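Residue numbers (UniProt numbering), protein chains in the order written: chain A, 1 to 307; chain B, 1 to 307; chain C, 1 to 307; chain D, 1 to 307; chain E, 1 to 307; chain F, 1 to 307.
Since the hints were derived computationally from the structure, they do not count as laboratory data. This one's a predicted model, so the numbers in the text were calculated from it and none came from an experiment. Where hints are given, some of them may not hold.
The list cannot tell twin chains apart, which means a pair is met if one copy fits it or any two copies do.
Cross-link-like lysine-lysine pairs, in silico, DSSO-like; alpha carbons within 27 Å at most [stated by the list, open to error]:
id : residue 1 : residue 2
1  : K137      : K193
2  : K127      : K137
3  : K306      : K91
4  : K210      : K300
5  : K193      : K210
6 protein chains.
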Amino acid sequence: MAALIRSVFVKNRGLWLPGLSAVRAMSSEPTPPFSTLSVSHPAIAVTHVELCRPAKRNAMNQAFWSEMVDCFSQIALDSECRVVVVSGAGKLFTAGIDLMDMAAHVLQPEGDDVARMSWNMRRIVTKYQETFSIIEKCPKPVVVAVHGACVGGGVDLITACDIRLCTQDAWFQVKEVDIGLAADVGTLQRLPKVIGSRSLVNELALTARKMYSDEAKSCGLVSRVFADKEAMMCGALELAGEIAARSPVAVQGTKINLLYSRDHSVSEGLDYMATWNMSMLQTQDLVKSAQAAMERKSPKDVPFSKL
Amino acid sequence: MAALIRSVFVKNRGLWLPGLSAVRAMSSEPTPPFSTLSVSHPAIAVTHVELCRPAKRNAMNQAFWSEMVDCFSQIALDSECRVVVVSGAGKLFTAGIDLMDMAAHVLQPEGDDVARMSWNMRRIVTKYQETFSIIEKCPKPVVVAVHGACVGGGVDLITACDIRLCTQDAWFQVKEVDIGLAADVGTLQRLPKVIGSRSLVNELALTARKMYSDEAKSCGLVSRVFADKEAMMCGALELAGEIAARSPVAVQGTKINLLYSRDHSVSEGLDYMATWNMSMLQTQDLVKSAQAAMERKSPKDVPFSKL
Amino acid sequence: MAALIRSVFVKNRGLWLPGLSAVRAMSSEPTPPFSTLSVSHPAIAVTHVELCRPAKRNAMNQAFWSEMVDCFSQIALDSECRVVVVSGAGKLFTAGIDLMDMAAHVLQPEGDDVARMSWNMRRIVTKYQETFSIIEKCPKPVVVAVHGACVGGGVDLITACDIRLCTQDAWFQVKEVDIGLAADVGTLQRLPKVIGSRSLVNELALTARKMYSDEAKSCGLVSRVFADKEAMMCGALELAGEIAARSPVAVQGTKINLLYSRDHSVSEGLDYMATWNMSMLQTQDLVKSAQAAMERKSPKDVPFSKL
Amino acid sequence: MAALIRSVFVKNRGLWLPGLSAVRAMSSEPTPPFSTLSVSHPAIAVTHVELCRPAKRNAMNQAFWSEMVDCFSQIALDSECRVVVVSGAGKLFTAGIDLMDMAAHVLQPEGDDVARMSWNMRRIVTKYQETFSIIEKCPKPVVVAVHGACVGGGVDLITACDIRLCTQDAWFQVKEVDIGLAADVGTLQRLPKVIGSRSLVNELALTARKMYSDEAKSCGLVSRVFADKEAMMCGALELAGEIAARSPVAVQGTKINLLYSRDHSVSEGLDYMATWNMSMLQTQDLVKSAQAAMERKSPKDVPFSKL
Amino acid sequence: MAALIRSVFVKNRGLWLPGLSAVRAMSSEPTPPFSTLSVSHPAIAVTHVELCRPAKRNAMNQAFWSEMVDCFSQIALDSECRVVVVSGAGKLFTAGIDLMDMAAHVLQPEGDDVARMSWNMRRIVTKYQETFSIIEKCPKPVVVAVHGACVGGGVDLITACDIRLCTQDAWFQVKEVDIGLAADVGTLQRLPKVIGSRSLVNELALTARKMYSDEAKSCGLVSRVFADKEAMMCGALELAGEIAARSPVAVQGTKINLLYSRDHSVSEGLDYMATWNMSMLQTQDLVKSAQAAMERKSPKDVPFSKL
Amino acid sequence: MAALIRSVFVKNRGLWLPGLSAVRAMSSEPTPPFSTLSVSHPAIAVTHVELCRPAKRNAMNQAFWSEMVDCFSQIALDSECRVVVVSGAGKLFTAGIDLMDMAAHVLQPEGDDVARMSWNMRRIVTKYQETFSIIEKCPKPVVVAVHGACVGGGVDLITACDIRLCTQDAWFQVKEVDIGLAADVGTLQRLPKVIGSRSLVNELALTARKMYSDEAKSCGLVSRVFADKEAMMCGALELAGEIAARSPVAVQGTKINLLYSRDHSVSEGLDYMATWNMSMLQTQDLVKSAQAAMERKSPKDVPFSKL
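Isolated chain A, as found in the complex (with noise of 0.2 Å):
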């Protein structure tokens, strides 16, 4: 993989910002100490997410639960990273729980009675949902790309990104209905917000019948297919470069405010909204980014302070 967003990285490098010297080590095996996880900087500003346990289908065990927080808790704090792109490595993106190393967890919560084995199963699904919620906590934009399979916890994956895009021979499967459960980590609380028709989501989950890319772009669950992984990878990075080279005060404020949105009235959300920028208006960025505007220069001319 390392070697693909590489040549992604030379081909594009136009792409990137001017006035930004150090680039970060790209790293390309997992990053201790994650054992699930690849994390690496392709580019300026951006960081890579990779799933990588393509030996076993990047599905999700008990560790990848919590290296997850730990990765996305790190990006949000890294003032460098200013975009992630999240992908997975293999020939698919990821095969959802994997159910071998989580059965003895969740099939056996610990208690005495029945209370006190609901209350140990409610701490486990709380915690697992946190695994996605912090993508969403995390102020910069993620940018997810899927080739092949999605399945299951893939579907709560994605929906907690910002930007989907996919492949052309990627396919997306709410599988849980198939083992016996309502998905509980996400899909059904986003799913019906990031698509239009709750016709279509409901039969998704209801059904557990498999989407593929087309269907998926005609319903807006991604916003591009590509033909295949380099392409697709190609245009990550590009689009990731077009938001790193964004002033952060105004792309962390967007996502930030576009999530209060997508969860409350408008007219709470607009006062919100004021309330944000009567700060974040007050920054060098609005002034370059103006000034770059008049004189029809690029955003990615511009360079902006760490946030």
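Start from chain A and add chains B, C, D, E and F according to the hints.
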């Protein structure tokens, strides 16, 4: 209609749960005490509710409004039923409200002054709203199959269902402004949450123009369009079969939480979901389904207890 | 522009209400005291508001922000008006905010310290938000017709309208991140509730890329695309005519309840609707319309009282 | 009890509406088909519901839970009734849930696994919640008069009433933690909205300690304390008479909007109120009352139509 | 009244900010163009608004409703003003709505049918609601001082204020049910959020009984009771002086966030607060105040910039 | 302090659960790694957290804010603990924020422009808010016992606890406006939901005046006042013992649902409660408790499993 359903069932018998043998009687005539609905059981765990006043274009008269409530209240408690299909008898789905039958009732509310007439009018409207809300409150998924016209009250009805299918010749019309009122039994509340384009919702509701099946598909009102009624009923039963074959704990929990999510923020939805699943994961269905999945068996080969 | 509108009106005169005869004067020049808007009455019960600073690409200067409030406040109270059409004069819809005119005002809020500057900045943002919220508060439906560019503040404006139309050459750009700020006068709050794909909303808002008319149609931002401006204005007036021909009690109640539904749960929306209609069903419009419907007459042949 | 009520009525007959003459029959025995409630009509427009299993300390058995729903559903539709008084027969108000009668039912929900037993348990709890919610849904104000013990389910009941009175010897106990459960039919939801001190609410609910009448008065749980039951019933009927004497349009609209306000923001409440009163102000009651006020007559001298 | 205020000011001059010298003119007559209000400036940074139609018992006529809006809109923008005191001229606070003046207006809404009359009635009610909401929208704290009667609209008014004081002879009456309507300009929405006992709120609103000052104090409607009007005005001005002496950034931010909290969950309130204070903590007032606190100086000795 | 606690424990040992024998070690010195808190276990299932910087009047320094989070996170997971008591070491409860220690941190946020400083300030405030929110998130009830002064941050802290007690000499002060800021770590959000009089809340927050124990009791801030600290600690432990003696399933479910109810409508709260109890009623605690109740035994004689 009964003949058609039976032929569909015969053609598709491969769909049904092999482990179950007793099939409930299949009625094709309006079930007493219903004068406007025909209720049958075309397959194991599937209930078919047919709007059945074909001579009156399935127009909604006074009896209809209370029979729907009775019918779906029974279904909600029928542990044999796991999924419902709704369709219309005759040449079209429904012409909407039966103006002749309803006019006296609605146009002349009782009361000694405007306040008292308003009070009674509110009671009437609230009662009619309940007729379609009962579909949402029923925890079993409801698939609606529309052919020909679906007008006025018909749109209120289908937006309260979970999955919408239609034939190529189907058309939809939010008719209310044409008769001088704002739609008040569900369309204005549910349609904007069912399809993705608010511009289109507004246009439909403000102009009462007809929308045909192609646009209904592209905007997401329906998730599939079929060539004709026979194909649609076949598809509807196949879809119903897919749902009926899965764990009722998983399926009904999915419906309840999808509806909860529609009306709450993501974090509220997640909290409710975790509280829901703390007990609902303690089901034999999960064990059976997970085992079947590992053995690469279909969910249809797994027998589940009633719910 | 006036000539075009007149020609459209002449071509489509069959659309207008036959029972009404008095046509208000059709102005084509900016109505005093408006320097940025031209208000005319191209047909019975239809008000046309034209962004009218073509030499400045209809950019939004300081005068614009308060004139919009005055204009729509007048329209809200004008019982002759039943529907509004908004469009732009000249070569494009609007270039968005007039940076030159606004910069001093926004970039230099008064105040002795950061808190006081923030306080004043919040007052300014809140005032600008009101400029577009006034469109929503106006109970008459607003149809907006976009040709050419619709940039920045233009997107804020059109998302506050009820129905969006555009020409084949139209394009839309959420421009704010390019000038270093998070959009704060409505786009981030309304766009996600206007179109169905959140992935697309995020991409547009985070990258400031242009979206062309085809994509605007397929994602649901606009409900119709026309070949050119003349065709669009004809279509807009025809659509406005359809709305104007119907009961204003029904139409305005529909707008108010659709907006209420957007920001509330379905059950809250139903309760409000029942409380609304307990009096609004006590209208002669219902009797007249129902009678016309039974007689198979068009709503356009029914004269309604003013509202 | 009937004798006491009658004596109160005789002493206070000056309270009752002079314009009305027909008094409905005053029953003092449990009205068929009620085995746990006694319903009577001690004065014009006043309905008295008495918990009436004195030999069992008015404990709530299975019959009680459904009889309350039937009883208040009838009252809601009884246009003769303008206000309700609830009290308990015998030595105390109620000992709460009848553990003996309920245990089998609640402790042994049906179901093949935990999920199915939970599903059925939820159905049971929801049904019991409805027993007290029905009091809120009844638009007529409900005055509850408590003497002696009010334990467990009794607190759930009284917090759903509108006005609470008690005798000097009354005491209240949120008993549920003592029997190993969190109170689930209303106390935890309504008590914190009924009294002002959250510290006290928490203490009562977490320790199950008794609260006596003095503290109940000072914390606002009850609005008045009477020396003994006779004085209290006299006071309750006098209070009920005050309410019954006023315009039912005003009174019932007041109850509905007070409840709406409890659960909404002030601006939401104001919007609903304006929408409510746009028709409810169009009442003859307003004209009659305003005229009486100008003539310095009492509301009791004004005859109002039924509602 | 002016004489009284001046004497209070003289007696309490020690209260006022020593660093400020210019005192605005103290008017004692109704300020043009107000016919129902008298506005004066009894001390630095304090504005006194007096209901001033003593011959009519300060009853609220048509002029009053719009003058209040004008008055408080001016105050909101007056950077010299940091706190407002509201009281009534003459023998009592206010007799409430001026029935004679308002009757024609409210009892006879225009409109050709019930729907249209309702539409216009809603516009009127909404406008009157705004008269008191404007007090909440004004970011400066409003202290209201009540003597004698406070009836009907008076209760709507005072519940929209921030701090309530009264004299020993004061009494309060939610009068609306007595004139045949549900209170619709704020009492039913705000009173339950102002005092702690819902039983009492319901009793007051449903029976229109008078509440005297002792009960008003014990239930929390007022926070202090004074022997007579002179003592109360002295206390009100002292209290206003305490508020005026503190940082306007701190004080007005406190009011805004207290109101926000009233209508939101705790976690929503905390989020808003953090977003508010991210800029509001960047004030010189914090530095000045912290320094004064460390030097054990009073806030009154700290000069703050205008806001 | 440890000696006092021990003496209280000895005097009240009759309170503790007889079925349990192992008492955890009782520490009286600050537990490593806490420098500001002392954690001990004065009785079975009771954890005592003492603010312990008496030489600095228990002022809240930087260490305090993170130690509280660690401390309560541990408690939340400690299945031995069923209830928490919080108090202050030395002469008073707490002087609030340690201005000297915090000033540099808060007054000088990092960042290259106002927007970036605001961004960092928001992060700081959010972190400090979490310090007290962690008390609410802990499912075990928290009893707080206040003696002497409780100033500024102290009020934020106690409003996040479940039950408040104080000594006769206690006083409370919402100090923030005195140092130039709006209270931002909980007081403005929680205090209005803790006590019943909004007039009083506003007065306290806007003037920073002290409130003494009598008023704290009458307004409901505390539920009990004790003569001195020894009596209060005895009372606090007795109260804690009452809670610890009851089913932890019942007690912790009660806390969670009381908090849920505070921030939701009654019907939302009831729905959540039913979903909660569908599993939580399936506990042996209910059987044991019901049996004990029928046998007229105290809950304290019932041994419950850990939770």
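Status of each hint after checking the structure:
1. Proximity of K137 and K193 under a CA criterion of 27 Å is satisfied in both settings, with 17 Å inside one chain copy and 21 Å between copies.
2. Taking the closest pair of Cα atoms, K127 and K137 come within 27 Å of each other both inside a single copy (15 Å) and across two copies (14 Å).
3. Taking the closest pair of Cα atoms, K306 and K91 never come within 27 Å of each other, the shortest separation being 36 Å inside a single copy and 40 Å across copies.
4. Taking the closest pair of Cα atoms, K210 and K300 come within 27 Å of each other only across two copies (17 Å); inside a single copy the shortest separation is 40 Å, beyond that limit.
5. For the identical chains of this complex, K193 and K210 are neighbours both inside a copy (19 Å) and across copies (23 Å), given an alpha-carbon limit of 27 Å.
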